[in-house]
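Top line first, the protein sequences correspond to chains D and W. Counting with the working numbering, you get residues 12 to 483 for the letters of the first sequence. Counting with the working numbering, you get residues 12 to 483 for the letters of the second sequence.
Check the hints yourself; a few may be wrong.
Since the list gives no way to pick one copy over another, a pair counts as held whenever it fits inside one copy or between any two copies.
[Unchecked claim] Mimicking DSS-like on lysine-lysine, the simulated pairs with C-alpha atoms at most 27 Å apart in a straight line are: (1) K420 <-> K370; (2) K342 <-> K286; (3) K370 <-> K271; (4) K143 <-> K28; (5) K250 <-> K282.
I should point out that these hints are in silico values taken from the structure, not numbers from a laboratory.
Number of protein chains: 2
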Amino acid sequence: MEIVKNKAMEVAMKVKKLGQDDPRRIIHSIKVGVALTLVSLFYYWRPLYDGFGASGIWAVITVVVIFEFTVGATLSKGFNRGLGTLLAGGLGVGVDYLANLSGQKGEPFVLGVFVFLIATSATFSRFFPGIKARYDYGVLIFILTFSMVSVSAYRFDEFLTMAYQRLSTIVAGGAICIIICIVVCPVWAGETLHNLVTSNLDKLGDYLEGFGGEYFYCCDDEEQVTSIEKDKSFLQGYKAVLNSKSMEDSMANFARWEPKHGNFSFRHPWKHYLKIGSYARQCAYHIQALNTHLNFQPPNPSQFRTIIQLPCNTLSSQSGKALKALATAMKTMSDPSPTSQVHLNAAKSAINDLKNCLKSATTQTPDEPSNLLAIIPDATVASILIEMVKSVEDLCEAVSELSVKAHFKRVEGSVAVEKPQLLHRGAIKPFVEAEGEDENGHHVVITVREIENEDSPQKKGSSDTNGFVNKK
Amino acid sequence: MEIVKNKAMEVAMKVKKLGQDDPRRIIHSIKVGVALTLVSLFYYWRPLYDGFGASGIWAVITVVVIFEFTVGATLSKGFNRGLGTLLAGGLGVGVDYLANLSGQKGEPFVLGVFVFLIATSATFSRFFPGIKARYDYGVLIFILTFSMVSVSAYRFDEFLTMAYQRLSTIVAGGAICIIICIVVCPVWAGETLHNLVTSNLDKLGDYLEGFGGEYFYCCDDEEQVTSIEKDKSFLQGYKAVLNSKSMEDSMANFARWEPKHGNFSFRHPWKHYLKIGSYARQCAYHIQALNTHLNFQPPNPSQFRTIIQLPCNTLSSQSGKALKALATAMKTMSDPSPTSQVHLNAAKSAINDLKNCLKSATTQTPDEPSNLLAIIPDATVASILIEMVKSVEDLCEAVSELSVKAHFKRVEGSVAVEKPQLLHRGAIKPFVEAEGEDENGHHVVITVREIENEDSPQKKGSSDTNGFVNKK
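Produce the complete structure using the sequences and hints provided.
As structure tokens, this is what we get:
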């Protein structure tokens with residue numbers, strides 16, 4: 012008895028947690044219940060029953076099968092069901108007419124051949140990636156309806172009446188479904204995708220903002236240590252980004268079906284979110300590489316670490332701030348460039364500082380422990396952080412493109428450019444400064460973009476053996 | 012006309028390619044066609060029709076809906092459909108009995124309330140991750156059948172006859188489906204999962220084997236360059252591993268349903284493949300980090316690069332060979348330890364060589380360009396390769412565990428140990444050698460495992476500021 016009680020408590024706790032995590036789940040369940048109860052009226056209410064007969068059952072089936080969590084998925088399934096039913100119905104009637112021509116004996120044979128051919132080819136079509144992504148359910152319904160129509164037609168004379176009744180109940184069931192789905196607390200796939208991508212950027216930003224403090228913490232004061240130990244969940248958030256692809260793909264597929272809602276128009280560039288998502292995963296892969304270094308803390312930091320600490324900290328936190336600026340811009344649907352560019356450029360100038368530190372490192376401290384081995388972990392972290400800036404820059408560009416395509420509101424005074432020219436926005440100070448100094452030949456400007464480019468100048472020019480492109 | 016012809020050609024080419032990529036697709040399509048044609052017999056053949064009546068249509072529906080590509084998916088859907096139908100049917104009859112008690116007026120009301128309550132709670136249960144993964148379709152069918160039974164019962168007196176007819180046609184349709192699916196060229200989800208994981212290990216191995224030659228190629232002879240430029244597809248293969256999670260998850264879910272097939276028993280440890288898959292992704296993330304460094308080639312390599320080239324090359328290719336040995340062992344379902352351990356230990360001893368090189372690097376060449384900046388990219392590659400060995404070791408352990416759990420054939424003489432003690436298999440030379448030298452205090456042994464461990468000795472002991480744990 013005690014066991015049953017505990018088990019029941021456990022289930023109740025799980026239900027409560029599921030509901031609290033996303034209250035839309037409870038609302039969705041109630042919506043399905045209401046829709047099903049409504050279509051049951053087709054049976055309970057005599058006038059309706061007299062009109063539709065036993066076909067009312069198809070309204071029930073339609074509701075159960077097409078009512079999905081998001082509006083886009085419901086519309087997509089409804090459209091697929093409608094189109095599949097109509098096409099297959101038409102084809103079925105045609106095939107039945109042909110079969111009739113072949114006489115009493117030949118009819119089942121002709122019908123059988125057609126069922127086989129059409130079922131086989133339709134099933135094969137489901138392997139096409141384009142059809143699989145969008146019309147998989149429609150093809151299933153097509154096969155189902157075609158088989159049903161062609162075999163039913165063989166037995167029933169009142170075939171057309173039945174087809175009419177069935178189709179009208181399906182339409183009625185579908186309509187009830189779609190109306191309830193859209194009118195009562197709708198869950199939009201598009202909005203879900205937008206929020207998912209936004210929160211992923213936020214999570215990456217959180218990690219990068221906190222990484223410096225976490226990695227170099229032994230060198231910081233006590234207060235900071237305790238405050239960090241309070242909540243380390245920000246170190247785990249990025250992991251959700253690593254495997255976000257399938258969720259993003261399906262949401263983007265459903266979002267295409269949705270009418271205008273909130274700030275999203277019918278032709279909102281949903282596909283572009285997949286591009287942002289892919290760059291976000293690139294960034295998460297870098298963070299994954301950083302994360303393996305996080306748990307290594309030497310008891311007394313090397314001089315090398317002390318030297319790179321400041322620029323690395325800046326680099327990481329400014330990259331994080333840039334990502335969080337992008338997330339905020341997406342949340343408010345405003346132009347991301349002004350704020351994110353400031354942080355991106357600060358991160359870029361931190362790269363310069365870091366490189367200068369590295370250059371002077373051996374010069375300043377020839378008495379540092381005589382092996383490179385000691386500094387490699389720290390150097391790797393620095394190198395990954397530098398790579399990270401490229402991903403952050405890609406993300407800045409992608410979100411900027413989105414803001415143009417989706418007509419995010421511009422901050423007054425800024426001009427909507429088709430392709431944001433990141434390097435030449437005169438207004439931002441840090442990077443221009445770096446470029447100015449570059450002309451004097453003192454500083455090293457890193458065009459991180461070109462590292463991955465096969466035709467980068469370092470292949471042709473006479474640059475030195477540095478890991479990065481140096482302008483001279 | 013020309014356009015139509017071209018379009019038709021294009022579609023024909025696509026169909027051909029889809030079929031060639033995986034001929035099982037064509038066979039599957041034909042199987043579905045055959046199954047559907049067979050169930051049509053329920054209609055065409057008079058004795059069967061007289062027995063089953065219009066309910067024969069349920070056989071058609073069942074075949075279309077549960078016939079999936081893999082045996083596991085078909086069995087899972089069939090089981091779900093059967094269980095959902097039976098439970099909902101029983102519950103529906105019970106509820107109908109209760110509703111009858113409340114008189115003519117009250118009946119629709121009571122039925123409506125039950126439909127609402129049960130549809131709502133069953134819909135909510137689909138949000139439980141465990142139910143969603145395995146019984147999602149069953150719950151859908153449960154809701155569908157319950158609604159249909161409870162509303163049908165309201166109108167039909169010959170309810171039980173109908174239920175019997177419907178159930179028997181569903182069973183017949185399901186049986187035809189499952190028999191054709193299993194008997195004619197079956198596609199096993201388990202085998203697919205096994206091959207997927209195996210080929211992922213192969214792809215990772217290919218990359219690592221080739222990486223050294225690719226990264227250091229400017230220093231190699233001409234012949235090698237041309238041979239490498241011939242086929243660089245091995246550099247892309249790992250990307251498929253990055254997003255393999257959803258495919259692996261669903262295949263593992265389906266595989267649980269499958270009976271013994273080939274070398275796989277009913278209780279084959281399918282869940283363990285998910286563990287291997289997750290380690291493989293870890294490895295792929297490291298490769299992703301390596302890959303960003305691949306396109307950077309200085310015109311004249313630094314002295315530092317020349318120094319680390321040999322150990323890095325060995326490290327990478329031995330890691331790759333270890334992974335390919337794992338893949339081969341999985342293909343042949345034999346004990347992976349003997350060969351993979353040799354390569355893993357060779358990789359580990361290459362780490363030692365690399366570390367010695369690094370240690371001596373500054374000592375030997377004080378006249379190397381006076382900044383650390385120049386060597387950072389190469390140092391990062393070295394560091395990632397060292398990290399990689401940990402992933403490879405995890406993979407070796409995981410595959411070894413699998414080989415024990417799944418009773419892979421042992422190579423004669425080797426003992427099946429519950430937990431393979433990787434570091435103490437006395438027979439393998441390279442690593443033992445390293446350990447032997449370690450006792451003399453000359454060499455550095457890296458216990459890579461402990462880098463990520465919070466309680467690793469470097470936190471407590473008096474080790475120096477190296478990035479790795481040094482035994483002294």
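Each hint, compared with the structure:
In this assembly of identical chains, K420 and K370 lie within 27 Å of each other by CA distance neither inside one copy nor across copies; the values are 44 Å within and 56 Å between. In this assembly of identical chains, K342 and K286 lie within 27 Å of each other by CA distance solely inside one copy; the values are 18 Å within and 36 Å between copies. Neither within a single protomer nor between protomers do K370 and K271 lie at most 27 Å apart by alpha-carbon distance, with minima of 55 Å and 63 Å respectively. For a Cα distance limit of 27 Å, the shortest separation of K143 from K28 across copies, 16 Å, qualifies, whereas the shortest one inside one copy, 34 Å, does not.
When the C-alpha separation of K250 and K282 is checked against a cutoff of 27 Å, the pair qualifies both within a copy, at 23 Å, and between copies, at 21 Å.
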